[in-house]
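K.L.:
The numbering used here runs 961 ahead of the 1-based position in the sequence shown.
You may find that some hints are simply not true.
Taking lysine to aspartate or glutamate and the EDC-like style, the derived pairs with C-alpha atoms no more than 20 Å apart in a straight line are [to be verified]: (1) K1002 to E1033; (2) K1034 to E1021; (3) K1005 to D995; (4) K1005 to D1016; (5) K1072 to E986; (6) K984 to E967; (7) K1072 to E997; (8) K1100 to E1067; (9) K977 to D1008; (10) K984 to E1049; (11) K1100 to E1049; (12) K1072 to E1087; (13) K1005 to E1067; (14) K1005 to E1033; (15) K1002 to D1073; (16) K1090 to E1001; (17) K984 to D1052.
By construction, these hints were calculated from the structure, which means they are not laboratory data.
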Amino acid sequence: MASVLELLPATRIGVKYPGGVFKSERHFLDFVIDGESLWEKVGKPRDTVSVICFDYSREETVQAANRLLLTEKSVVPGDRRPLFICSECGDIGCGAVTAFLVREGESIIWKDFGFENNYEQNIRLEEYKHIGPYTFNWKQYESALLQAVDNLKQAQHSR
């Protein structure tokens, strides 16, 4: 039975610390799989946000969604796809939670979750071995991501 992907609004709360140090508030779409937040499992503990973040540029975010649709090349080696990125800058160099995405007929599979950056060779897979794999029906998956892109465009036009 296929998992169901929903993309639901989430917020990483901003905080201002003494001395002027702060964490920016970020608004993004969480990957909710079969009713469970993937951000709560793997993104929040690393203080990352999903690649579909309303506070980053529209172009970058649309490209990130297209990478999840496998229509654009990945930005990390081995054709793995970033799911959660640095909450402050969105740079892969700060580290990202990634997965290997495979299209098989009318399904897409998210598997082999790990943490990596763009300057070290190793991918930390061990701490994510309990996550996934998730198999989604391609049409439902594609529809959810395309709707997210449309929502992103509308949200940024209303700002």
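K.L.:
For every hint, state whether the structure bears it out.
P.N.:
Evaluation of the provided hints:
| no. | hint | in the structure |
| --- | --- | --- |
| 1 | K1002 to E1033 | 26 Å, violated |
| 2 | K1034 to E1021 | 13 Å, holds |
| 3 | K1005 to D995 | 18 Å, holds |
| 4 | K1005 to D1016 | 17 Å, holds |
| 5 | K1072 to E986 | 29 Å, violated |
| 6 | K984 to E967 | 27 Å, violated |
| 7 | K1072 to E997 | 16 Å, holds |
| 8 | K1100 to E1067 | 7 Å, holds |
| 9 | K977 to D1008 | 15 Å, holds |
| 10 | K984 to E1049 | 7 Å, holds |
| 11 | K1100 to E1049 | 32 Å, violated |
| 12 | K1072 to E1087 | 13 Å, holds |
| 13 | K1005 to E1067 | 31 Å, violated |
| 14 | K1005 to E1033 | 26 Å, violated |
| 15 | K1002 to D1073 | 15 Å, holds |
| 16 | K1090 to E1001 | 16 Å, holds |
| 17 | K984 to D1052 | 15 Å, holds |
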